[in-house]
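There are 2 protein chains.
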Amino acid sequence: MKLYSYFRSSASYRVRIALNLKGMSYDTVPVHLLKHGGEQLSQMYRTLNSDGLVPTMVDDDAVDGQAVLTQSLAILEYLEEIHPAPALLPAAALDRAFVRSIALSIACDIHPLNNLRVLRYLVHELKIDENAKNAWYRHWCESGLAALEVTLARDGRPGKFCFGDTPTLADCCLVPQIFNAQRLKCDLSAMPTVMGIYQNCQELDAFIKAAPQNQPDAEA
Amino acid sequence: MKLYSYFRSSASYRVRIALNLKGMSYDTVPVHLLKHGGEQLSQMYRTLNSDGLVPTMVDDDAVDGQAVLTQSLAILEYLEEIHPAPALLPAAALDRAFVRSIALSIACDIHPLNNLRVLRYLVHELKIDENAKNAWYRHWCESGLAALEVTLARDGRPGKFCFGDTPTLADCCLVPQIFNAQRLKCDLSAMPTVMGIYQNCQELDAFIKAAPQNQPDAEA
Numbered sequence: 001m002k003l004y005s006y007f008r009s010s011a012s013y014r015v016r017i018a019l020n021l022k023g024m025s026y027d028t029v030p031v032h033l034l035k036h037g038g039e040q041l042s043q044m045y046r047t048l049n050s051d052g053l054v055p056t057m058v059d060d061d062a063v064d065g066q067a068v069l070t071q072s073l074a075i076l077e078y079l080e081e082i083h084p085a086p087a088l089l090p091a092a093a094l095d096r097a098f099v100r101s102i103a104l105s106i107a108c109d110i111h112p113l114n115n116l117r118v119l120r121y122l123v124h125e126l127k128i129d130e131n132a133k134n135a136w137y138r139h140w141c142e143s144g145l146a147a148l149e150v151t152l153a154r155d156g157r158p159g160k161f162c163f164g165d166t167p168t169l170a171d172c173c174l175v176p177q178i179f180n181a182q183r184l185k186c187d188l189s190a191m192p193t194v195m196g197i198y199q200n201c202q203e204l205d206a207f208i209k210a211a212p213q214n215q216p217d218a219e220a
Numbered sequence: 001m002k003l004y005s006y007f008r009s010s011a012s013y014r015v016r017i018a019l020n021l022k023g024m025s026y027d028t029v030p031v032h033l034l035k036h037g038g039e040q041l042s043q044m045y046r047t048l049n050s051d052g053l054v055p056t057m058v059d060d061d062a063v064d065g066q067a068v069l070t071q072s073l074a075i076l077e078y079l080e081e082i083h084p085a086p087a088l089l090p091a092a093a094l095d096r097a098f099v100r101s102i103a104l105s106i107a108c109d110i111h112p113l114n115n116l117r118v119l120r121y122l123v124h125e126l127k128i129d130e131n132a133k134n135a136w137y138r139h140w141c142e143s144g145l146a147a148l149e150v151t152l153a154r155d156g157r158p159g160k161f162c163f164g165d166t167p168t169l170a171d172c173c174l175v176p177q178i179f180n181a182q183r184l185k186c187d188l189s190a191m192p193t194v195m196g197i198y199q200n201c202q203e204l205d206a207f208i209k210a211a212p213q214n215q216p217d218a219e220a
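Protein chains in written order, with UniProt numbering: chain P, 1 to 220; chain Y, 1 to 220.
Bound-form chain P, shown alone (with noise of 0.2 Å):
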């Protein structure tokens, strides 16, 4: 495998974290976001990944030779299929509904808002300042893991992880995303469910592994 990856995006840091969970070797190809007018945005890698955007995943020993996927989850999916154990969805299709909702409340209502590229459009385009910015940041990372505390302390099926004792899907998406609150300073201290699901996930070399500060390209 091959992951085109920004040591910093935190859906790179998904598939990371689930590679590593899998024991799936895998090499790093660094994209970098901001150089060079952001890599990502290149001609050359835009034949990859028309959206422009990070991780693209090369399966070089796919069924009809190399492969290109893209999408995070899609790529996560496809782990999932083609590497089973260890699983990282449960086996009941209500659970595997319950793990794949957390995924995508974090993929789709959490982390869009703040992307780079939007980001940007909110600076360049509408001129907001610093402050406004990080304050959009902060609103829909805490509100939306505030949801997400809600959901994961009234249901029976989190243990130590979201669902159960073992890591799934929704774990690989969980870190990433409180690794980006803290960085942007949100407040989590209401969030005893989800925070202490974070610390259990930062005890396995999966997720220390593929923590941003420990990539190739990782930087100060």
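Keep in mind that the hints were calculated from the coordinates and are not lab data.
From a predicted model like this one, the values you see are computed outputs, not experimental measurements.
A hint or two may mislead.
[What the hints assert, rightly or not] DEER-style ranges, computed between Cβ atoms:
no., chain 1, residue 1, chain 2, residue 2, range
1, Y, Gly164, P, Ile82, 17 to 25 Å
2, P, Asn131, Y, Lys185, 31 to 39 Å
3, Y, Arg183, P, Gly65, 37 to 45 Å
4, Y, Gly156, P, Ala132, 30 to 38 Å
5, P, Lys160, Y, Gly38, 42 to 50 Å
6, Y, Lys185, P, His139, 22 to 30 Å
7, Y, Gln202, P, Ser25, 19 to 27 Å
8, P, Gly38, Y, Lys2, 14 to 22 Å
[Stated by the list, open to error] Here are some, though not all, of the chain P residues that point toward chain Y, as calculated from beta-carbon distances under 7 Å:
no., residue
9, Ser50
10, Ala62
11, Gln66
12, Tyr78
13, Ala97
14, Arg100
15, Gly159
Ideal Cβ positions, reconstructed from N, Cα and C, are used throughout, including at glycine.
Place chain Y on chain P using the hints.
Here is chain Y on its own, set in the frame of chain P:
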């Protein structure tokens, strides 16, 4: 099945299409996003869906009794698992990833930026005017769909629909997004592949029945 839905919500529209394609009957429970301060934000609705977003699906015939499901794409995957025919995902893992990547491009990278709550934040908190709001809407919609046009046009797999000649989850997401784009007068003139697929979908009863104007809570 009960579907808590708003006629113009594109996430609800996706689920309505899938239920219709699979020939599954359901009752609509209207949730008015604008009246009564937003019914999706009521305490009652939030006991079902802590995100305060539509849709929510209640499966009265689930394995362990009544089950509550949230997040449209998690619901689509659930429907696919409990009611596999007709299939809305292809058989091969790489093809499934392709279909999911299209659905996710729309569900993560276009739609969340143009959601009601986001447009409200832009107007009420950031004080942008109507023109700037509409420009924001069109920017994300047009740039996202332009990237999707490239993806679909250069891949060998799209046919009458996003994947081959039968509808998939990708089409369930595409059609509501085009409905929104047309409502906000986005320029779709340079997207022949996307619009061809959209037209093909519009010929199927499942898509026609799911359209906003054909819902019990439709307004002029």
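Evaluated hints:
1. Y:Gly164 x P:Ile82: 17 to 25 Å: 21 Å, holds
2. P:Asn131 x Y:Lys185: 31 to 39 Å: 33 Å, holds
3. Y:Arg183 x P:Gly65: 37 to 45 Å: 42 Å, holds
4. Y:Gly156 x P:Ala132: 30 to 38 Å: At roughly 45 Å between Cβ atoms, alanine 132 of chain P and glycine 156 of chain Y fall outside 30 to 38 Å, so the hint is violated.
5. P:Lys160 x Y:Gly38: 42 to 50 Å: Cβ of lysine 160 of chain P to Cβ of glycine 38 of chain Y: about 36 Å, so the range 42 to 50 Å is violated.
6. Y:Lys185 x P:His139: 22 to 30 Å: Roughly 28 Å apart at Cβ, these two residues keep to the hinted range, so it holds.
7. Y:Gln202 x P:Ser25: 19 to 27 Å: Violated: the Cβ-Cβ distance is about 46 Å, outside 19 to 27 Å.
8. P:Gly38 x Y:Lys2: 14 to 22 Å: 45 Å, violated
9. Ser50: Check passed: Cβ of serine 50 of chain P comes within 4 Å of chain Y, closer than 7 Å.
10. Ala62: 6 Å, holds
11. Gln66: Interface hint status for glutamine 66 of chain P: violated (11 Å vs cutoff 7 Å).
12. Tyr78: 4 Å, holds
13. Ala97: 4 Å, holds
14. Arg100: Interface hint status for arginine 100 of chain P: holds (4 Å vs cutoff 7 Å).
15. Gly159: 18 Å, violated
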